[in-house]
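Peer 1: These protein sequence lines are chains P and C, in that order. When the first sequence is numbered by the numbering used here, its final residue is 249 and no position is left out of the sequence of numbers. When the second sequence is numbered by the numbering used here, its final residue is 1401 and no position is left out of the sequence of numbers.
There may be inaccurate statements among the hints.
[Said to hold, decoys possible] Covered by chain C, according to a simulated footprint, are these stretches of chain P (three or more residues, beta-carbon under 8 Å):
| # | segment |
| --- | --- |
| 1 | 48-55 |
| 2 | 65-76 |
[What the hints assert, rightly or not] Below, a sample of chain P positions facing chain C; criterion: calculated Cβ distance under 8 Å:
| # | residue |
| --- | --- |
| 3 | G58 |
| 4 | L82 |
| 5 | V88 |
| 6 | A105 |
| 7 | V144 |
| 8 | G145 |
| 9 | F146 |
| 10 | L162 |
[Stated by the list, open to error] From chain C, some residues computed to sit far from chain P (all C-beta separations above 12 Å):
| # | residue |
| --- | --- |
| 11 | S1014 |
| 12 | E1064 |
| 13 | D1127 |
| 14 | V1327 |
Hints in this document: simulated from the structure, not taken from any laboratory. C-beta: ideal position from N, C-alpha, C; glycine also.
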Amino acid sequence: MLEIRDLHASVEDQAILNGVSLSVGPGEVHAVMGPNGSGKSTLSYVLSGREGYEVDRGEVLYDGRDLLELEPEERAAAGLFLAFQYPVEIPGVGTMTFLRTALNALRRGRGEDELDAMQFLRVVRQKARALGIGDDMLKRALNVGFSGGEKKRNEMLQLAILEPRLAILDETDSGLDIDALKVVAEGVNALRSPDRAMLIITHYQRLLDHIVPDRVHVLAKGRILRSGGSELARELEAKGYAEILSEAA
Amino acid sequence: MTLGVDSYREAFESIRASLPGERDAAFDAFAAKGFPTNRVEAWKYTSLRPLARQRFRPAEPDMEAAVPLLGDGPRIVLVNGFLREDLTTVPVGRWAGPNGRADAEEEPLVALNAAMAGDGYVLTIGDAWEKPIEIVHATAPGRTGPVAQSRNRIVVGPGGEAHVVERHVGLGSGAYFVNGVTGIEVAAGGRLRHTKLQEEGADAHHLWFMPARLGPDAVLESTVFTFGARLSRNQIEADILGEGAELSLKGAYAVAGRQLADHTSRIEHRAAGATSRQVYKGAIGGQARGVFQGHIIVAEGAQKTDGHQLNRALLLSGRAEIDAKPVLEIYADDVQCSHGATAGDIDGDALFYLRTRGIPADTARGLLVRAFLSEISEELPEDALRRAVEERIDAFLEAGA
Chain P
1 MLEIRDLHAS
11 VEDQAILNGV
21 SLSVGPGEVH
31 AVMGPNGSGK
41 STLSYVLSGR
51 EGYEVDRGEV
61 LYDGRDLLEL
71 EPEERAAAGL
81 FLAFQYPVEI
91 PGVGTMTFLR
101 TALNALRRGR
111 GEDELDAMQF
121 LRVVRQKARA
131 LGIGDDMLKR
141 ALNVGFSGGE
151 KKRNEMLQLA
161 ILEPRLAILD
171 ETDSGLDIDA
181 LKVVAEGVNA
191 LRSPDRAMLI
201 ITHYQRLLDH
211 IVPDRVHVLA
221 KGRILRSGGS
231 ELARELEAKG
241 YAEILSEAA
Chain C
1001 MTLGVDSYRE
1011 AFESIRASLP
1021 GERDAAFDAF
1031 AAKGFPTNRV
1041 EAWKYTSLRP
1051 LARQRFRPAE
1061 PDMEAAVPLL
1071 GDGPRIVLVN
1081 GFLREDLTTV
1091 PVGRWAGPNG
1101 RADAEEEPLV
1111 ALNAAMAGDG
1121 YVLTIGDAWE
1131 KPIEIVHATA
1141 PGRTGPVAQS
1151 RNRIVVGPGG
1161 EAHVVERHVG
1171 LGSGAYFVNG
1181 VTGIEVAAGG
1191 RLRHTKLQEE
1201 GADAHHLWFM
1211 PARLGPDAVL
1221 ESTVFTFGAR
1231 LSRNQIEADI
1241 LGEGAELSLK
1251 GAYAVAGRQL
1261 ADHTSRIEHR
1271 AAGATSRQVY
1281 KGAIGGQARG
1291 VFQGHIIVAE
1301 GAQKTDGHQL
1311 NRALLLSGRA
1321 EIDAKPVLEI
1331 YADDVQCSHG
1341 ATAGDIDGDA
1351 LFYLRTRGIP
1361 ADTARGLLVR
1371 AFLSEISEEL
1381 PEDALRRAVE
1391 ERIDAFLEAG
1401 A
C-alpha cells in the first residue's frame, strides 16, 4: 500500500532524511521510533505534502501512484491522513464547520452524497462520545483553547470521522496522561481493519503497549537502522537508543 | 491652486437658490482649501485628485426609485440624499441648513456638504427602541453621475437606547459620488449601537464623516463594514466629553481589484475615566489598498483614560497594500493606551492543516478569510444583518479575490 524507496529530503538545504526505505501493506500497523532530531516529523510532513520539505531523491508510491506529485488535499482524497504532533489552532473556524467541510469534501471526491447537518451531527456525536469528547469542545473554534490532550483527542476524532486508508500518527502520545492515552489507543485499535494501514511515529514505547504494531523501525540520522517485530520496541525501552545507534555505527 | 473648486462653484451656484439656510459661508470655507491633496497629512495615503477632476451634477430627489430593504422594522429611507417620506416609518426631523458657523469646519469636504446638502434626517432617540432602525442611503447613478450630499444627525437623549443600521447602496451601475455626514450625539447615560454597511456601486466614490460627541457614561459602539465603492473613506471624529463614557469603533472590510478603503478615526478623550476601543480588520486582494489612520488624543486632565486600537490586514495578493498610521498623543500622566498593527499573508500552517483534511486550497483560504473577518461580524445582534454581511464576504471570495 505504501512503498517508500530511498527517500532523501531536506529542509532549507539541510539534509534530514538520508535514504529511508519502508513498505507498509494493507491492514498493517508499523511504528517508526527514534530519538529527537532523527527525522521522524520530517518523514510525516514529506508524506503529507508540506511546503518547504524538498525531496532530493527517491520515491514514494501509494497504491502504485506517485504520492509526491499530489497536493495535500489530493493525498487526503486518496485516503491519507496525518494526525499532527502540534494540531493548529484556528480562531474563527468552528470545530463542527471544519469537520463537516472536510468530510463533505472527501465524500464528494469519493462520489458519495454530502451529509446534511442532521446526518452529520449524528455521525459526530456518536464518534465523539467514544473518545470522551463533549459537545462543549465541539462548539469551540478549532483547537483554540484546547488542552494538549483535547487537541490529540480531536485529531483522533477526525481520524474516526474521515476514515482514511493510511493514517500517520505523529507523536500522538505526547501530552497525554495515562487515561487519555488509553482512550486514544482504544480509538485507534477500533479503526484497525484489514484494509487500513497505520504508521505510528513515536519517541516512546508506551503507546505501543496499547497499540501493538506488526513492525517496528528505528529511525536515526535520517535512515532506518533496524527493523523488527513488536519486541524491538520493548528492547529499545530497556536499552535506550544509544546502544542501537552505536551497534549500527 | 485649490483642487476641484471651480466645478463645484458652478454646481453650487446652480442650486443655491433652492437650498434652505445660509450657505455662502460654508462654500467659502470649502473654496478656501478645496479638495485635500496628499500634502495634507490626514489625506497622505488617499488621493482625491481623480475624484476632484470628475464632474458630477448635484443629485436630485427621486420619488420613484424602489429601494431594497434588509428588514421590515422601523426605517428611514433617503434616495440621492433626499428623504423619502413615503418609505420612512420613523418620525424624523429634517436638516434645515447650516447655522452660519460653517467657517469653523476644519474639513473642506464637510464644509462642501454644509454648502450643498439639500436634506438629511434628524433622528432623536428618547427612550429604548427594541427593534433596530434601518436607515438606507440609496443613490441612483442615472445617466449623468450625480453627487449626493446629505447631512444627518442622531441624537440619543438620557435613557435613550437603540441600534441604528445605516446602509449605503447604489441603485444600478454607473459612477456617482457620495459626500455625506452623520453626526452622533449620545447624552449622559444614553446608549447607541451604530452599524454601517457600505455596499456602494463598483464605480462609486464614498466619503462619509461622522463627528460624534459622548456625554458622561454614554455608550457608543459603531461598527463599519466596507465592501463597495471604487474609493471610500469612513472618517470618525469622536469627542469624549463626559466621564465614564465608553466608545467602541470597529470595522471589517474586504476589497479587491483597484478598490481603496480608508478608515480614519480621531478620538479625543477630554474627560477622565473613559474608555475607547478600536479594532479594524481587512482582507485586501488584487491591487486594492487599505488605509487605516487611528489617532487617539488624551487631553490634559483626562486621567484614567483607557484607550486601545488595533489594525490587522490580511494581504491576499502580492500587489495588495495596507498603509497604517496609528498616532497616540497623550497629555495626561495616568492613562493606559496602546496601539498595534499587523499585516500578513494567510497563515501557512493553518492552510496546510485544513488541506491535509481534504479541504481544497481555495475553500481553505475562504474559511480562513471568513474566520479573520468574523471577529467583527459575529457580534452583530441581528441575524438578517449578520447574514447580509456574510453574503458580501462570500461574494468577495467567490469573485476570486
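Peer 1: Hints first: check each against the structure and report whether it holds.
Peer 2: To see whether the hints hold, each was checked on the structure:
1. 48-55: Check passed, 4 qualifying residues.
2. 65-76: With 5 residues in contact (Cβ-Cβ under 8 Å with chain C), the coverage given for the segment 65-76 of chain P holds.
3. G58: violated (21 Å)
4. L82: holds (5 Å)
5. V88: holds (4 Å)
6. A105: holds (5 Å)
7. V144: At about 10 Å, which exceeds the 8 Å cut-off, the nearest Cβ of chain C leaves the hint on V144(P) violated.
8. G145: Violated: closest Cβ of chain C sits about 15 Å from G145(P), beyond 8 Å.
9. F146: violated (14 Å)
10. L162: Since the shortest Cβ distance to chain C is 7 Å, the answer is holds.
11. S1014: Non-interface label stands for S1014(C): nearest chain P Cβ at 51 Å, farther than 12 Å.
12. E1064: Holds, since 43 Å exceeds 12 Å.
13. D1127: holds (36 Å)
14. V1327: holds (28 Å)
Of the numbered hints stated above, those contradicted by the structure are hints 3, 7, 8, 9, listed in ascending order.
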